[in-house]
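From first to last, the protein sequence lines are chains A and B.
Following numbering that gives the first Met the number 0, the numbering of the first sequence begins with 0 at its first residue and continues without gaps.
Following numbering that gives the first Met the number 0, the numbering of the second sequence begins with 0 at its first residue and continues without gaps.
Any given hint could be a false lead.
To be verified - Quick list of simulated restraints, FRET-style, between CB atoms:
id, chain 1, residue 1, chain 2, residue 2, range
1, A, ALA245, B, LYS36, 56 to 64 Å
2, A, ALA245, B, GLN37, 54 to 62 Å
3, A, THR205, B, GLN37, 17 to 25 Å
4, B, GLU63, A, GLN369, 55 to 63 Å
5, B, VAL74, A, LYS318, 34 to 42 Å
Said to hold, decoys possible - Only part of the chain B face toward chain A is listed, based on derived beta-carbon distances under 7 Å:
id, residue
6, LEU23
7, ASN45
8, GLY48
9, PRO49
10, GLY56
11, THR57
12, ILE60
13, GLU65
14, GLN67
Simulated from the structure, these hints should not be mistaken for lab results.
Using N, Cα and C, we set each Cβ at its ideal position, and we do this for glycine too.
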Amino acid sequence: MKRIALLGMPNTGKSTLFNRLSGASARVGNWPGITVDLMSAKVLMGGHIAELIDLPGLYDLHGFSDDEQVVRHFLSHHAVDLVMIVLNSSQIDRQLSLALQIKQLGLPTMLLLNMQDEAKRAGITIDTEAMAGALGFPVQTISAKYGDGCPQALQLAGQVLNNPATITAPQDIAKLLEVDSQIEQTMHDIVQHTVQMPIKFNDETTDQIDRVLLHPWLGLPLFFLAMFLLFQFIFTVGAPLQDGMAWILDTFRTEALEPMLANIPAWLNGLLLDGIYNGIGTVAAFVPIIVLFFLVMSMVEDSGYLSRAAFLMDTLMAKMGLDGRGFVMILMGFGCNVPALMGTRVMRSRPMRLLTMLVIPLSLCSARLQVFLFMIATLFAANQAAFIMFALYMMSFFTIFLTAILFKQQYKSTEPFILELPPYRFPTPRQIWLRGWQEVKHFLNRATKFIVIGVVLVWAMTHYPTDVAPASAATIAGQIGQFFAPVLDPIGIDTQLAIALIFGFVAKEIVVGALAVIYGLQGDALSQQIAMNIDWVQGMSFMLFTLIYTPCLSTIATMKSESKSSVFMWVSIVWSLALAWVISFAFYQTARALGL
Amino acid sequence: MTVLSNLSPGQLGTIHAIHAEQALYQRLNALGFRIGKQITLIRRANFNGPLHVRIGGTDIILREIEAQRIQLQAV
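One chain only, chain A, in its complex shape (with noise of 0.2 Å):
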C-alpha cells in the first residue's frame, strides 16, 4: 500500500481538506515512537489504495516545537509515497519555506495551495505552473472548505504515485534534516516572479470587526457576552434534546425491554435494566448536548475569535501559569469537562496543555448543576437559591486559580506566547459538521466501555449480598459507605450520601437518582425525607465536595487518553479529592463552629 503524509502549517485548513478527502473514514493510527494521535484514512488515488495519515501542522522543518518533532521523526521513520504539502495562499510570501525545506529531502512531493477562494478575494494572483517549474514538483491551487480543484489533486497525487520515482531511504532523510540550508534568497526569487501581491490586502472586513471585538476597553466585556451567549445556546437547545432523548431511552425501556425480559432471572433483569441499560443511557443522553458543544466549539475555532479571546485574556491568565486559550477552555468546561479537554489539542505546549487539563475538571459542568439545583431546592428557600448558586459558580473560579497558581511551577511552560491571527472566516455547514462528528465519534467509543464497566460495578455493590434491602447498610455499598465514614464523619456527610458520592464517581447525572435508590423514595417524599435527615450546613458541605472532586468516569478516561499518562490522570484525581475534603472540612468544621 502507498503511504502518502499530509503536511502543512497551522491554520492552513489541512485537517479539513484531510476531512474532505478521508470522507470522515479516519482513525486514529499507532505508530511507534509518536506520542500524539496520528489521523490516517484510506484513500483511492490513481489506482491505488493509499494511505493517506494527516501529521500535526508546522511552521518549520527544523523547529523545536514537539509537532515538529513528530514530523521529523515520522519522515525519518517511516518510508513515504507522497509528500502532500498544504500552504496558505494567501501567506505564501512566507509559507513557501516549507516547501522549499520538504524539497530538499528529495521525496516525491506535490503542493496545494489551499484557501484559493480568500486568496483571490484578497487579490493575490499564483502562477502554478511557473512555481512547479521553479520547484520542481506539481502545484494545485485548492479550497479545501468548498472542494474547489480537489478532484485535481487527487488526479496528481495519483499520477505522481503511478510513475516510479526514487524514494530517499528514512535513514536518509534523518542525515537530510539536520541541514539546515539558507533557503530565504530561493523563497524570495520564487515568490517574486510566480505571485503578484497587492500590497495592502489585509481583508478591511476583518480590521473592522477587529476594531470593535478587541477594543482596548470593550472587547473583554463583548468577549464575555458572546461566552454566555454560546452558553445559554447550548443549554437553551440541549436541554429539550437531552430530555427527549431521556423520553426516549425510558419509553424504550418500559415498552419494549420490559416486557421483553420479563421471564429471565430476576438478578439478570436487573443487572441488564438498572445497570447495563441505564449505563448507556446515561452516556446516550450525553449524546444530543455533546454534538452541541463540538458543533459551537468548531465554530467558534474555525471563526477565528478563539485567538482574539487568547489575545484579550493572556494578560490575567499569565499570572496564573496560563494563557489566554486556558481561558477559553474554562469555559467550554463549565458546559461539560469532556469536549473541553480534548479541547485543549489547540494548544502546542505539552506542559500548558497539562495545566489547563488539571483545572479544567474544577469547572462547574451541567451535570453536577443538576444536583445543586435539586440539593438547593431540597434544603434553601426560594429567594436563598440564587445566592447559593452564584456562590457554588465563584468557588468554581477559585478553586481553578488557586490549582492553577499552586501547580504552575511543576508545569512551567518554556513556549513563548506567540499566536497567528487569522482573518475571520465563516466555517460551512459540512466543515463544522465532519469536526462536530469525527469528535462524537471518539467521545462515545471511550465512554460506553468506562460507563458500562462502572455502572455494572455500582449495580453489583449496591446488590450484593442478595437477601438485604438493596443499597442498605449490609450491602457491599453500605459497608463501603461505613468504611469511608471516619474520613467523611468530619466534613457532615453521612452514610447514604457517601453511597450518593461513590455513585457520582461515575457521573454526576447519577447522584440523584442514586439518592432515590438510597432513600426507596422520589418526588417531594425524597426531597421531604433528605431535609429530615441533614440540615443545610451537611447539605452545603456536599455540595463543595460534589462541586470539587473528580467530575465522572468519562473525564478521568478523557485525561487518561490526552494526556497519555496514568500518572498525571492520578495526579488529577489525588488532588481534586484531596482539595475537595480540605475545603468541605474547612467549610463545615467553621460553620459548625460558629454555631450554625
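Once you have looked at the hints, place chain B on chain A.
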C-alpha cells in the same frame, strides 16, 4: 533604532535584528519575522498585555517580553 515593544499603535519599522535563542528565532522566522521585513504595531492590550502586529499579510500576537527582542529601524 528601537525595539518592537516601544512602538505605538499605527507605527511601523523595519526588522533589523532578532535577539533570541535558536528555538524562538526559528519560530519567529517561520511566522515571517525576517530581517528587512516591515512590521506594523496594530494595537496592544491593556496592562502590558500582548501586542498585535502585522508583517505582510500575516497578523500575529506576541507578548511584550518577546517583542523586546526584536530590534527595528525607523522607516
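Now for the hints, and whether the structure bears them out:
The hinted range of 56 to 64 Å is satisfied by A:ALA245 and B:LYS36, whose Cβ atoms lie roughly 58 Å apart. A beta carbon spacing of about 59 Å between A:ALA245 and B:GLN37 agrees with the range 54 to 62 Å that was offered as a hint. In this structure the hint that A:THR205 and B:GLN37 lie 17 to 25 Å apart at CB holds, the actual value being about 19 Å. Checking the proposed 55 to 63 Å range against B:GLU63 and A:GLN369 shows it is violated: the Cβ atoms sit about 44 Å from each other.
About 35 Å separates the C-beta atoms of B:VAL74 and A:LYS318, a value consistent with the hinted range of 34 to 42 Å. Below 7 Å, beta-carbon pairs count as interface contacts, and B:LEU23 has one with chain A at about 6 Å; its hint therefore holds. Hint on B:ASN45 holds. Least Cβ distance to chain A is approximately 5 Å, under the 7 Å limit. Given the 7 Å rule on beta carbons, the hint for B:GLY48 holds: about 4 Å separates it from the nearest Cβ of chain A.
Below 7 Å, beta-carbon pairs count as interface contacts, and B:PRO49 has one with chain A at about 5 Å; its hint therefore holds. The interface hint given for B:GLY56 holds, since its Cβ lies 6 Å from the closest Cβ of chain A, which is under the 7 Å cut-off. Evaluation of the B:THR57 hint against chain A yields a held restraint, the C-beta minimum of about 6 Å falling below 7 Å. A cut of 7 Å between beta carbons decides the hint on B:ILE60: the least distance to chain A is about 5 Å, and the hint holds.
Interface restraint check for B:GLU65: the shortest CB-CB distance to chain A comes to about 5 Å, inside 7 Å, so the restraint holds. Hint status for B:GLN67 relative to chain A: violated, with the closest Cβ pair at about 11 Å, above 7 Å.
Hint check: violations occur at hints 4, 14; the rest are consistent with the structure.
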